[in-house]
Amino acid sequence: MLGIPTKLKRTKGNNMNEKTLDLIEPELSVKVLKVTGQKSSRKRILDMGLTPGTRVDVIRRAPLGDPVEFKLKGYNLSLRKREAETVLVEVVE
Amino acid sequence: MTDKITVALTGNPNVGKTSIFNAITGSKQHVGNWPGVTVERKIGKRVHNDIEMEIVDLPGTYSLTAYSLDEIIARDFIIEEKPDIVVQVIDATNLERNMYLTTQLMELGVKLIIALNMTDLALAKGDSIDSEKMQEFLEVPVISTIGSKGNGIEGLLDAVADELHKTRVTENIFTYDSDIETRGEELEKVLNNDPYFAHYPSRWFSMKLLEGDENILKKAKESESYPEIEKILNELDADSFEAKIADQRYKTIQTMLRQVCDINTEHLSGSDMVDRVVTNKALGIPIFLSLMWAAFEITFTFATPFMNIIDIFFGWFAETATNLITIPWLSSLVGEGMIAGVGSVLIFLPNILLLFFMLSLMEDSGYMARAAFIMDKIMSKIGLHGKSFIPLVMGFGCNVPAIMATRTIEDTRDRLITILITPFMSCGARLPVYVLLAGAFFGRDAGVVIFSLYALGILVAIVSAKLMRSTILRGEDAPFIMELPSYKIPTLKGSFIHMWERGKIYLKKAGSIILIGVVGVWLLASIPAPGSGGVFASEEVYGTTNSVIGVIGQIIEPLVAPLGFDWRIAVALLFGVVAKEIVVGSMGVLYGAGENEDTLSDILAAGAMTPLAGLGLMVFTLLYAPCFACIGVIKRETGSWKWTLFQLAYGTTLAWTFAFAVYQIGSRIGMLA
Ligand SMILES: Nc1nc2c(ncn2[C@@H]2O[C@H](COP(=O)(O)OP(=O)(O)OP(=O)(O)O)[C@@H](O)[C@H]2O)c(=O)[nH]1
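Heads up: the protein sequence lines correspond to chains A and B, in order. Per my numbering, the first sequence starts with residue 3, numbered consecutively. Per my numbering, the second sequence starts with residue 929, numbered consecutively.
Bound-form chain A, shown alone (with noise of 0.2 Å):
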């Protein structure tokens, strides 16, 4: 359709949500969409839990503000914001 302006479009649009996981604030939680970054840091992550659709909740960071906690699958889980940013995600109410 051609009347649907684009800003409405972007908000619209999935992407809105979409975010890197180390942008996440803590006590927010999120849904895992993809895993990127280099192959074996990624195979590491996936196979730790961080599968697409997995539901994560950001603990807090670390004191220094560097690693981030998360609990996935009922356990808990620190990975720096270098990796974190590997994982997009989507915030979920």
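Just so you know, nobody snuck in bad clues.
In silico lysine to aspartate or glutamate, EDC-like type, Cα no more than 16 Å apart, as pairs:
1) B:Lys1209 <-> A:Asp68
2) B:Lys1209 <-> A:Glu29
3) B:Lys1077 <-> B:Asp1048
4) B:Lys1209 <-> A:Glu27
5) A:Lys36 <-> B:Asp1165
6) A:Lys83 <-> A:Glu27
7) A:Lys36 <-> B:Asp1175
8) B:Lys1147 <-> B:Asp1122
Just so you know, these hints were derived from the structure itself, not from any lab.
Dock chain B with the ligand against chain A, hints included.
Chain B with the ligand alone, transformed into the frame defined by chain A:
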């Protein structure tokens, strides 16, 4: 008739594998709580129902795609050595992630038994798990256990015995989506036609290929049928297959878990509450530092009286022996060589035992992972892992146990760098040297000087780490993907076992190197210089210009002259390799302290040495080759003479350069002259 079989114990890190291993074999083994702490392969024996079982405790692994050295060891053992039975220990409070490994073990087609461990904690948390249903679903025996109490071990061994005589090998109950399965079948066909792959289960191998496992790919490349394999792999979208396979394994697990257990997700665990405080933004660092301080104090202060006792005892022992033996050279060999040598090995034992007791409490409780979490930001700045922090701090007490403590660092490169820079942490034995020299030359400023030396050590360590990271040990930083295991109450027994293990390793592996070094130096100091006409090991020879070491000192004098040192300092530094604090004692002898009531400090201050050379000597003492005990553990922990010698050469070169700079620049600008 007794059967002899091999049973491999596998599982994720921290699931209680070591506890189960200890409960089965009764052997004295390490119990830890830091992911991946088990580095060696531990083997124990147990006879059950007339079956002789050899139990192998494998390092913890999250998946059969191996990343760290630990994991490669574990995986290769299962794949290449084909144990008769594989027991996977599972943490019942963390089923979903633990069972990811189960799916892969089942794919491998090994005879699998599941030890459902930590059932006490799962119960306390409010989960209910139907192990019978789980057993039906997986078609493998599932035995509930409590590793720390030894519950369920007999049942587990019964299951091992039963399973042995069954011909049925775990069927593969996991099927993937049809696109994966189709590709998998194509690959399996190729694999089955090539005898090269006969050693590997073809389904598992083909799934690993589809996942893009680099290790497996490398193996496949060596086969003749690789072109065919490559053709199939090129046709598919590797990235999406990789994610899909992981995803579908987890989906299958979820499906099963919904049927066999009821997990209480509402529960805010004790662990979460502890972490709110312990890793809190404001409190995290102060708490960590206080704990570090306490551990440090306990290790090094509590150890002091024991060390004094050892010191006094060996001093007395050496003296008594010297007096009893009338042949002079023999009495010196026994007294100054052998007894002193054994003493210098044992003197570190209190430190080592106490430090490892403390570390083990921290590991078993789960705090160690938090410590790494808190300190990682700082350590990553020099290319290291958060886990490197603790060994480095402990280095201020004594480098020897500190280097042994690097065992907890998983990445080999990180570990090696940590070992190589730990000797720059100024240990307690170097302090007497500073106190003497700074006191003699700098009077009221002694404190500032000593503090600067500590700071210099840290600086050198940091710069060296960065340098090594960008040159000889180059490479991507290891990804930081670390589990924060839930807190557990450590068992005293476990910590004692751990402490004793480390002590034994030290005595066995490092002890001999230290002893050889000490006796070697004694020989150099005792053998009369050729042509001097002295008597072997006599007082006129020992350590003087009439001895080989004195001659060596004179030979190397030109080397150290630009630093403002004479041959006596050169000899004292050679003695210092036995133990750094000996530098002071040797200087005393060489400068004739005590002969006319003059203390060494008076003699030095009176002009035996310039203050600049004194400062240079302190810097030299800080940086040059560590003591024999330290050299012994570096060899033991790196497993390589090459790296050990590298540390010696690197440190000594730095020491020379810094002392040279101090003396030369200082004299030019006329400082302290
Ligand atoms: N409550 C409870 N604690 C357990 C149980 N099994 C082990 N533990 C404790 O869990 C901690 C870790 O146990 P380990 O046996 O060292 O675990 P592991 O799997 O060998 O760990 P790594 O060697 O680090 O891979 C220790 O503090 C044990 O005392 C159990 O069934 N119940």
